[in-house]
Amino acid sequence: MSDSSVTLGRRPPVSSGPQGGARGERFERTVAAAFSIRVADLLAPTRRDASAAFARQCAMYLAHVVFGQSYTEVGRRFGRDRTTAAHACRVVEERRDDPLLDALLDLLENACAAPSPPPAKGEARS
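The sequence shown lines up with residues 544 to 669 when you count with the numbering used here.
Hints are not guaranteed to be accurate.
Okay, the calculated beta carbon distance ranges per label pair [stated by the list, open to error]:
| no. | residue 1 | residue 2 | range |
| --- | --- | --- | --- |
| 1 | T615 | R638 | 22 to 30 Å |
| 2 | K664 | S613 | 35 to 43 Å |
| 3 | A583 | E637 | 24 to 32 Å |
| 4 | K664 | D592 | 36 to 44 Å |
If you are wondering where the hints come from, they were derived from the structure by calculation, not from laboratory data.
Owing to the predicted nature of the structure, the values given are computational and were not obtained by experimental measurement.
Cβ coordinates follow ideal geometry from the N, Cα and C atoms, glycine included.
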């Protein structure tokens, strides 16, 4: 991690791994689109509005459940503490009793777990 990314308040790129690189960006775009928010709001260092906060909690939950990341890794990814990531997972799990939310999370789990599509002809893989 470079000092400039910390100083400017930006997160360093996601490390390679289950949520790294292009796959991490695809994950962020997918979750943000599902909740009709901007990726910047999903990754914002402040809470933002309730819809962005809940979308972020769902993204934390998916990072933990789908990618198997620890609460510490999830918290680091979203610029939060591991206890915040654990709380997010509890909140989302409790709300899965709602059939609409449960269906949305099932779709997101499948979308996030699916392999990245192959690059288009003539395009380099990132």
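Violated hints, by number in ascending order, as checked against the structure: Failing hints: none at all.
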